[in-house]
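Asks: Protein sequences, first through last, are from chains A and B.
All residue numbers for the first sequence refer to the UniProt record's numbering, where the first residue is 1 and numbers rise by one.
All residue numbers for the second sequence refer to the UniProt record's numbering, where the first residue is 1 and numbers rise by one.
By construction, these hints were calculated from the structure, which means they are not laboratory data.
Backbone N, C-alpha and C fix where the C-beta goes; we use that ideal spot for every residue, glycine too.
Hints are all accurate, no fakes.
Subject to a maximum C-alpha distance of 25 Å in a straight line, what follows is the list of computed DSS-like cross-link-like pairs (lysine-lysine): (1) 92/A with 34/B; (2) 42/B with 210/A; (3) 33/B with 210/A; (4) 48/B with 220/B; (5) 42/B with 220/B.
Derived coverage of chain B by chain A (criterion: at least 3 residues anywhere in the stretch with Cβ under 8 Å from a Cβ of chain A; other residues may be distant): (6) 19-31; (7) 35-43.
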Amino acid sequence: MTYSDVLSYAVNFLELIAAVFALIHYPKYVQSTERYFLHFLWLTFFIDSVVGVFFSTFFEFDNIWIYYAYTGFSFSFYCWWYYKVLLKSLHKILSSVFFIIFLIAFFTGIFYLNMHKYIFVIGALLVLILTCLHLHQLSNSDYTLKIKYKLSFWISTALVLFNIGMFPLILLSNYFNVRMDNVVFTNILFFLNLVLYTCYIIGFIWTKQKYNHF
Amino acid sequence: MDETEIQSFLIISSVVVLVISFTMISLFLLFRKKKNDLILEKRLAEQKFEQEIAKAQIEIREETFRNISWELHDNIGQLLTLAKIQLANNLPKDEVKETISKSISELRTLSKLINPETLKNIDLKQALQDETNRFNRLNFINANLEIKGNIISLDHKTEIVFFRILQEFFSNTIKHAKASHLCVTLNYLSSELIITAKDNGLGFNTYKTNNSGIGLSNIKSRANLVKATAKIESEINKGTKLTIIYPYVNGIT
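Build out the structure end to end from the sequences listed, making use of the hints.
Replies: Written out as structure tokens, the structure is:
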């Protein structure tokens, strides 16, 4: 087992921990739309570990399409979730528009294999904008006083940090001709996943029921 | 890892770390600033609220002083003058005695009304009862207070504000409306309190801005202060009606 294999399993392990914490603290956010993150996190773990790692090892098929489908699904999920949590109608329209833009890019990407990472960049950019809108909305609400108890704050923070870190990673690795399965890429990807899931886990632990009503 | 890999790793990772830490710090600063702003705003709003309550309390006191002076002059003063005339005209002793004892009893009622304790701990129902009794006693206007439902005691400050609003309405009725009848209702429903005060006086045109003046906007802003809504309806020669709707949930902070 190589060093990058260990890192990739560590990411799976992080996904599992986050999903477990989401399950433990589920009653605290069951009333809000954040509840779908429980399903989302378990699905992520399932696809990434069970399907992505084991199936592809045992049945020897290329898991690139599984990951591509998962990328499409996850960005659609974020767009849908932000559509739910953003309050202003302009923001809601924007999230629908972003969703359509992403879908177009996604289906175009099916025919161009080497475009996949750019599809990811587009999705990350769109989600990043939505996250900023949501954080802006939170910062102007009464939740600012106890922001650390609000789960959607932690989710948005996690997404901002992850996606904003993905830009330099993808763009610079392209520039330096670093391949996706290279140890450089895996190292930094692991670091970003660590940030992402740490934020999720902190959010699940700290959140309080009365702050998660929408 | 060969040398170029190490190089690219260092560059990419430092950029990623830099971007992430910059974002983290900005987020932290943004939320801290917003939090401080919000705290400051809330404190100011609280101060303003307290000031308004104090103002309402002072106005209630002023109104009370006005009433006392008025009552001393027009009611007890008149009775004593009458007694003096009766004495001067050598009318029967019993008649004079009756006049004097009437003025003594009026004096007692008055002194009970202006007890500082009653002024400090205003209870909405009691205060309105005293006010309507006073109107009836002085034959000024035919006033009656009706209470429906089970009385729910509200926050003291809210009651002060409601009482002040009603007092202002009463004084307008007496000063300007030339009404003969005044009816006040406290309707305690399960989720809200509806206060109505209605006179059968001259009324005014609610659409004419110069009529709605400071008094009416004052009533509305005071009601908003305690998260209640006030509505004034008036029809010329038919009377004026004030409705205050106060959902109890608004009092829970």
